[in-house]
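K.L.:
Now for the letters of each chain:
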Amino acid sequence: MTALRRHRALTAIWGWPEGWRGLIVSVNHSDIGKRFILTAFAFFAIGGGLAMLIRAQLATPGSAFVGPEIYNQLFTMHGSIMMFLFAIPLFEGLALYLLPKMLGSRDMAFPRLSAYGWWCYLFGGMILIAALALGVAPDGGWFMYTPLSSKAFTPGINADVWLLGITFVEISAIAAAVEIAVTILKLRAPGMRLDRMPLFAWYLLVTALMMIVAFPPLILASVLLEVERAFDWPFFDPGRGGSPLLWQHLFWLFGHPEVYIIFLPAAGVVSTVLPVMARTEILGYGWIIAALLALGFLSFGLWVHHMFTTGIPHMALGFFSAASALVAIPTGLQIFAWIGTLWNGRPEMKLPMLYLVGFFLVFVLGGLTGVMLAMVPFDMQAHDTHFVVAHLHYVLVGGFIFPMLAGAYYWLPHFTGRRRIPLLGEAAFWLILVGFNLTFFLMHLTGLLGMPRRIHTYPAETGWTWLNLLSSAGSFVMAFGFALFAIDAALQVFLSRRSRRNPWGGGTLEWAMPIPAPAYNFASLPQVEDREPLAADAALALKLARGEGYLAEARHGWRETMAVDTTTGAIDHVVLLPGNTRLPLLTAAVTGGFFLCLLFGFYWLSLVPLAGVMALAWHWAWMLGWREDIGPVPIGNGQAAPVHHEAPGAPGWWGSVFLLVADGTMLASLLFGYAFLWVVAPNWPPPALIEGGVVSGLVAAAAAMAGAALARRTLTAIMAGSPRTGRFASAVAAGAQAVVILALLSLGVTALPPPQSHAYAAASWALITYGAVHALIALLCIAFVRTRIASGHVSSTRSLEPSVARLFNDYSGTAVLIVLVCVLAPAVVR
Amino acid sequence: MFLARASAGLILWAAGFSLLYGLHGLGCASDWNEVQVAGGTLFRWLLVSTWMLLCLGAAAVIRLARAAPSGLERRLSVTSAAAGLAAILITGAPVVLTSACV
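These protein sequence lines map, in sequence, to chains E and P. Mapping the first sequence onto numbering that gives the first Met the number 0, position 635 (from 1) lands on 634, and the numbers just tick up by one. Mapping the second sequence onto numbering that gives the first Met the number 0, position 37 (from 1) lands on 36, and the numbers just tick up by one.
Honestly, the hints are just simulated from the structure, not real lab data. Positions of the beta carbon are idealized from the N, C-alpha and C atoms, including for glycine. Take the hints with a grain of salt, since some may be wrong.
Covered stretches of chain E, going by a simulated chain P footprint (3 or more residues, C-beta under 8 Å) [stated by the list, open to error]:
{"no.": "1", "region": "288 to 296"}
{"no.": "2", "region": "311 to 317"}
A short list of chain E residues far from chain P (calculated; beta carbon distances all over 10 Å) [unchecked claim]:
{"no.": "3", "residue": "ARG7"}
{"no.": "4", "residue": "LEU430"}
{"no.": "5", "residue": "PRO458"}
{"no.": "6", "residue": "ALA489"}
{"no.": "7", "residue": "THR565"}
{"no.": "8", "residue": "LEU666"}
{"no.": "9", "residue": "VAL679"}
{"no.": "10", "residue": "PHE727"}
From just these sequences and the hints, can you work out the full model?
P.N.:
Given below as structure tokens:
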């Protein structure tokens with residue numbers, strides 16, 4: 000087959016229709032990645048516009064430009080948009096677009112999940128923006144502290160918009176994190192061992208794992224606060240045993256790792272672009288990975304430094320102050336590796352490098368003020384002043400936007416296939432750099448002079464006028480810079496001349512393809528023997544186009560890519576990915592309906608879209624798989640491999656594992672909240688504890704264990720070739736899970752005090768609900784397996800679905816036992 | 000397995016850090032700092048001994064990490080184990096340096 004014929008055949012398989020139909024059904028990672036990036040920049044423009052309004056208000060003392068109500072919405076939405084609707088989706092988009100290309104794959108592990116994530120992000124973001132346009136946007140600050148955001152002080156729907164809209168968007172983030180982790184671990188090119196993997200993938204792997212652990216506490220906090228607002232369960236009301244500090248703990252358990260979740264992908268861009276600009280290899284590959292791992296862990300031990308002024312004892316302050324200072328070491332190690340790389344190489348001051356220089360300057364300053372703020376006495380003085388605003392912008396703009404703009408200029412030719420127009424980008428860079436420093440360097444001074452953050456105006460006698468005026472002027476200079484960047488990018492897309500392939504001389508695999516990239520990425524998949532395959536073999540792109548790699552044959556309309564052993568990169572199996580479908584859009588729309596029902600208080604009606612989501616999820620899973628065994632298929636180079644339905648450790652299994660890790664973090668956060676309330680919150684012990692319920696608890700525990708054991712029995716029966724036994728065991732397992740749900744609800748209704756009475760009762764009910772929901776999920780999983788056995792989709796070879804159902808039943812059983820121990824402990828101890 | 004081994008020292012730090020912070024909250028709430036034992040308080044002895052055990056555990060992880068497969072895996076395992084020990088030493092030091100529940 001000629002290269003052109005192969006291109007046409009693969010494009011027919013991997014492509015998507017033109018126009019609206021393509022928008023609705025496409026699941027291709029390049030398309031979805033671009034959508035994420037464009038949508039993120041659209042939200043960035045909105046968030047930037049809000050920043051201009053904030054600076055216009057603060058430019059002069061006593062300004063009447065906007066009143067306090069609108070100003071509160073402006074700064075809340077500015078922060079929320081930049082954090083949740085810009086930064087995270089932007090790197091998700093870059094990851095979705097680039098990762099398969101860098102790893103030598105044809106797509107992400109779960110293409111439909113990518114598309115679902117984008118639709119959720121779009122719809123969730125639209126809810127927030129619509130609220131802004133209607134004047135009911137969130138107004139309690141981007142971290143929504145209670146009691147300000149509780150019903151008593153925010154009676155309107157402003158806080159609900161944030162809690163539900165952001166949670167909706169978080170679904171997208173968790174989906175992306177699971178997908179990124181599985182793709183990196185499984186969908187690499189054959190031969191790409193972990194120690195041959197591009198650093199960008201290492202950064203994204205650590206980031207994705209951090210997201211899987213960091214986002215659940217925020218989702219839990221949002222759910223608890225929304226339940227408090229909607230149903231008066233007093234988790235955060237100190238009058239009834241709740242604690243506003245619980246919100247702060249849960250929020251910052253997410254919020255501080257979030258800073259590193261934003262920084263690390265951008266640092267990955269630096270580690271990728273900088274060596275190319277310096278015309279050398281990165282220095283300290285292994286050290287950088289070690290620093291990454293250290294950062295990933297240490298960043299979870301810093302959250303209390305946002306709460307230094309809340310009256311926490313000195314010893315606890317000491318733990319977190321030490322960890323906050325310690326985290327500077329792995330960050331510094333990366334900085335030194337980058338400086339060493341520049342020292343080793345022959346750097347060229349091309350535009351991406353210019354942005355990297357800007358990154359060094361701004362980020363290092365932000366890091367230094369971070370170390371200052373990690374010191375408790377200094378933090379006591381600077382807390383809630385504009386010094387903190389300056390610091391966080393130096394870290395986030397320096398650590399995210401400058402590297403991302405470097406990456407944008409580096410990879411734009413890959414997206415567009417065109418070269419940029421000279422000098423416009425340089426002008427944009429200088430406007431952004433000068434404008435940024437004028438805006439935020441001076442803000443350190445206004446902060447040190449005592450100007451609090453989030454005040455809508457100030458009197459002239461404070462002496463802050465000139466500093467604020469100059470900051471505002473700087474912010475507009477910076478805005479002109481970003482506008483020029485947008486114009487430059489648009490001109491490149493629509494008007495510029497064609498670029499040659501690999502214009503920067505990069506050595507990673509994304510440059511081993513035509514630009515702009517074809518829908519299938521690689522005509523055949525490479526065997527990787529080096530960390531920079533293209534540098535090791537300059538003719539690699541040509542060889543792959545000629546079909547000299549793996550999976551060169553376009554057959555049966557299958558979307559095929561290779562899966563490898565997670566560590567060694569040895570060939571494992573062939574993954575057959577799903578094609579274009581409107582299912583992600585439908586599922587996201589129905590999910591959105593669920594959130595809208597909650598937002599407008601139609602709680603009973605929300606059960607309808609919830610049932611719709613479950614039905615669509617069932618259909619989603621049902622569309623995959625076969626009724627017969629396929630056996631090993633030829634993959635080229637004289638080799639054969641099984642397809643993923645017939646191989647252990649398929650991406651679906653790994654995805655389920657990571658999803659359960661996220662779920663386990665949510666349970667751990669809930670248990671932390673329960674313990675925190677017992678130990679720290681005021682107005683304890685509660686007026687009434689659990690009365691009885693031991694029998695119901697024992698029934699629930701026995702049924703949960705039986706459900707898990709029967710799900711295991713289902714799997715072993717299937718593996719042994721006994722579908723009849725498997726069908727019976729799965730049916731009984733589903734029944735056992737139904738018993739768990741009934742027993743848990745019975746325990747709650749008969750033994751627990753009403754959840755509105757005290758935070759103890761509310762937390763106990765939250766635990767019971769968690770257990771019941773997971774028993775329901777386990778029930779659905781095992782019922783699905785029962786149906787699939789009956790329909791012939793499951794066999795001793797095709798056992799992926801029973802093994803996934805076993806995971807969920809095991810998890811549910813364990814979670815129910817933990818929940819029961821916590822809920823029944825007061826009754827047993829008494 | 001690669002990732003688990005390469006992160007073992009840091010996982011121990013995360014568990015130890017959570018344990019120290021949890022014990023601190025529990026001890027302060029239960030007034031353990033008012034129970035005198037062997038010239039100190041029960042609270043202080045408990046935290047210091049937990050910290051010392053964690054340090055010993057982290058040292059043991061370094062020893063185990065040296066048995067990891069050679070190459071990047073071993074280097075990462077040893078480095079992260081050393082980082083874990085350093086982190087436990089530094090972030091746990093407040094148990095001997097600061098007041099307990101004030």
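K.L.:
Each hint: holds or not?
P.N.:
Okay, the hints, checked on the actual structure:
1. 288 to 296: holds (count 6)
2. 311 to 317: The restraint on the region 311 to 317 of chain E holds, since 6 of its residues have a Cβ under 8 Å from chain P and three suffice.
3. ARG7: Correct as stated: the minimum Cβ-Cβ distance to chain P is 40 Å, above 10 Å.
4. LEU430: Given a closest Cβ separation of 40 Å, the condition holds.
5. PRO458: holds, 38 Å
6. ALA489: holds, 41 Å
7. THR565: Violated, since 7 Å does not exceed 10 Å.
8. LEU666: Label holds. Min Cβ-Cβ 15 Å, cutoff 10 Å.
9. VAL679: Check fails; 6 Å does not lie beyond 10 Å.
10. PHE727: At about 36 Å from chain P, E/PHE727 clears the 10 Å cut-off, so the statement holds.
Checked against the numbered hints listed earlier, the structure breaks hints 7, 9; every other hint is satisfied.
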